[in-house]
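Student: Here's the letter readout for the chains.
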Amino acid sequence: MSRRLSCLAAAATGIAAAAAASPQLFDMGTASSSLEPGFTRITAESIVSPGTPSGWETRDGLRAQARVFTNVVTNASRGTEEPPPIWTTPLTEDAVLGSRGNTFILPPLPGSGTVAVVCGTSDAARDQFFDFTVAVGDREQRLRFEGGHQFRVLRFEVPAGPAPVRVRLVPRSLWAVNAILAWSAEDDARVGREFLRRFSDEPGAWAPPDEWAKWKRDPDPAPGPMPEPSAEDRARGFLVFARPWAECVFPHDAPRADEIPPRLRLFATPGEYEPFTFTVRPLRPLSAVRVAVRGLGPLAAGDIDIRRVRYMSARPNYSTMHRWWVAPDVLERFESADLPADINTRFWITVRIPDDAPAGIHTGVVAVAGAQGGVEIPVTLRILPFRLLEDTNRLFGIYYHHPYDRLPGATDEVSRAHFRFRAEREHEDMVAHGTRNVTLSFSTRAADAQGNFRFNGDLLQEKFDLWKRHGFRGPVAMHISAGEVYAKHAGGRYGSHLRGVKDPPESFAREMTAMVRTIEAERVRRGWPEFLYYPVDEPSTDPAAVRFMVTVLRACKEAGVRTYVTADRAHEAFAPMAPHVDVWCMQPFSVDPVTVRREAARGVETWCYPNHISGENNRTPVAGARMTYGFGFRLSGYRALIPWIYSASGGDPMNYLDGPTQDFLNRHEPDGTPVPVTLWEAMREGYDDFRYLHTLDLALERARGDGRPAVRAAAARAEAELAEIAAAIRVQPKYKHDGLWNAAEFDVHRWRIARRILDLESAMGR
Amino acid sequence: MRVGLACGGSWLGAALVAAAAAGPDTSGWESRVLLSSSVTSRLSAAESAVTVEPAGGPGGGAALRMGVVVDHFGGEAKYPVGWPRIAREFREAADRDWSAWDYLRLRVRADTARAALPAAPLSLSLRAPDKARSFSRTLDEVRKGEWTEILVPVRAITDPSDVTSMTLSISDANYSHGDRVDFLIGEVSLVRPREPALLEFAPDAGAIWSDARRLPVRFRLLGVPEGGRATLRFELREGATVVGRSAFAGGRGDHRALVDLPPLRPGPYTLHALAGPREAAPAARVTVVESPWAPLPPGAEGAAP
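Each protein sequence line maps, in turn, to chains A and B. Position one of the first sequence corresponds to residue 1 (this note's numbering), numbered consecutively onward. Position one of the second sequence corresponds to residue 1001 (this note's numbering), numbered consecutively onward.
All the given hints hold, so there is nothing to weed out.
When the alpha-carbon atoms are kept at most 25 Å apart in a straight line, the in silico BS3-like pairs for lysine-lysine are as follows:
1) A:Lys216 / A:Lys736
2) B:Lys1131 / A:Lys736
3) B:Lys1131 / A:Lys216
4) A:Lys214 / B:Lys1131
5) A:Lys502 / A:Lys488
6) A:Lys488 / A:Lys557
7) B:Lys1131 / A:Lys734
8) A:Lys557 / A:Lys502
9) B:Lys1131 / B:Lys1078
10) B:Lys1144 / A:Lys734
11) B:Lys1078 / A:Lys502
Just a few of them, taken from the derived set where beta-carbon distance is under 8 Å, the chain A residues facing chain B:
12) Phe267
13) Thr320
14) Asp542
15) Glu572
What the hints contain is simulated information worked out from the structure, not anything from laboratory work. We put the CB at the ideal spot given by N, CA and C, even for glycine.
Take the sequences, apply the hints, and build the full model.
Tutor: See the structure below:
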């Protein structure tokens, strides 16, 4: 037996090997990428051998990756210098990846200790779902994450012993390791401080020190005076208070006098989702806190979703650099946790009323239990005896990065299955939030020499199969590849917002028309919903941009289709485009309802993409989101709401400060299941407000044909109530924070509508 | 130190009575002028012309005129559809530190041959040394052919402690090419009341449940000297009957008080703020709505048998 083989055999059988000093530090990557000081370089070629006691068991299926981000990067489309998606260090800029099972072997530690495996990649790896298991000794941990720009640290305790330490990696799709660290207990603090801190939640850990020094934290809102805890609060170690869910609770907010004791009450209709929240303020560290809802009428465990509000370091605006604050945002699933002292933990519970739930008032409790004691908070739920009705003339849509777009680039079946799973879960989630429409893209190259356009209609077909399965509704804002045609005819790119556009030759318009005709023929052939042709996103008001928009929109319309433009109709610089626009989509409700109606009468629709309540600002206009989606949308007269975007991330999806812009809206669990944020839940509540209003509208419509005095009287009461509610709204182009109803008042007005529905239905004898 | 009440209930005075929905009457307030026909040092203009109108002001006095001819093709090469503007730079500490003032007051009128002004006719921008802490707001209140007084609360400004410049601008995109618009600026000033004043008094919620335990009330107290306190009473009334009340004492700033409530009958109520025997602000309307969680009447769907 050769010496190398005997060494491998020793490692495999656990025969004693010489112990190495602590810590042992290995930086995985390429032969030429930077090496973290003090670390040993490990490449895809570093195989364990008699002279090399640390390395891979085999080189089968191994490859290395390196991508360095240590400077600003150029965004050619915007013409700007931007921060990179992440900041890398020698440790994170590179990795070794494996598509087959492998083991990294290192010498035993002098005593018991810890092994940490840093997993991730610095490249975007957008089409890759990493799913693998890491095992050390008899303990294994599964790791799943989509794409690169993110890093996870898995820790394993290692007992003292003479055998080499074996880190086993078993991929379902692909594994990726940046570094492996092993150390004895006495080196715990040093390794944590010097090497692993950068992977922690500590503010700024993700950035180089000189970059983080530029970031200034905005103050938290004034917390208010802390009330004196009762003897009972002190005994169990926490206060509990309830604030309406649409009003934020920041980490140090003190409970207000009217929030104690908490009063949890809600009303809802069968099939409706309804949230309620309460907050635990620990007076000392609490361990193993659990929350359960019990005895709430017909609600089964599956009808109750318990989450806690995660505070995120966030930017005050999506494009703001070097300012941050702490914002309540992500609603992560909650089972049990230790809670630190003096920092609020808000619990966000959403119930879904079963479709067949009987009307009535039900009382139950929310039980909060910790190791040191607990509390039961009464909850009252009233279930109403009617269902909410949809207004099919209005559209609730959203911009969408479709997971299916990752399918062509995915190289393994596990990743493909993941993208399909995520798309399925996201569509379910959208439907559960009232959203049944997304933007899509029809990607084509410019015409070839024979005038033919090449495209993959089958992928879009799959998207429409999903669309249909989930009951989505058209028309579809369909982005088309105008940029490709422009590049062919004008010899360059027009850049973001058409910032570099020049008047194209006439051949451009002819080819655009031909392209739209081709796409339209394919649409008709496949029976897809109507497309609204969307050639350019957010053109600027520059005269050259407006001229180009006139050209490209006219060319689309030549093909006999309708066009879609993201531009504020109120900007008079866009006036030349008007004859060629069928759907104006703008951020504010800046067009008055009379104009909206007049335009609709001549076939021009007005849509809104309310990015100010989907994360473009500071992620906290929760009440503004509800108002935008409900009463505000109703008063606007607009046809559709379609904000940017269901979920978008740059850099690490759980770091809102890295990359050139802040991440948008929903997050994901490791398997791709959506994790909502507060704004997304608020949009659903606004959508429900809208449905309450529409249900009353329909009841009123029925009542108008009924001459009975009791019905007429009930209808008059309903009309008067609606007028009073409308008069209580301060109409605004953008509902964000100011001039809104108090967070609790929304439900009072919703109830005023509900009781008029009950009144009318009762008068009509239903 | 307790102030105001020594003057009986009149401490809030006429200014408070005028603090109606349209905003307080600030005419008697202390002010520091930041821009006017006579305060123009370090004033610059771009894509607009600034002139003085000797009798163009709101009371026949002088005014500054910012004249703009909207040009979608000229102006700055990079931004032909740009932002015609005037800006005043502040160098004196007293001009830059706004934290002891309560409002920025702008008296503005727009003249144009257009049928109407666009929705956002003019914008205000305030620069801070840290650009990220700058502040901007559209001045949608500006009216064609009418003098308008606009009050921007200083507390709304991101960093009022060091304002380095103030800009008034239009966005060319909001106008049509060739439009002419003139903004007459009577004065831009920092203002604060000389006497205690109650502003922005309103119930936290204009509609509440009949079994609400408390009604939160929000308001701003201004004109109270440093360390001083003013007292107020709040009453919720059903007609002439007082059904809930609370007392308050506090200094300058934003406050939230709670009015304890008994079980209420559904219907309209009014919320009153009183300084001594006098109304300190116009009463606010509160609608009380029956609670959905009250026991259901027999026979109602879902009621207990």
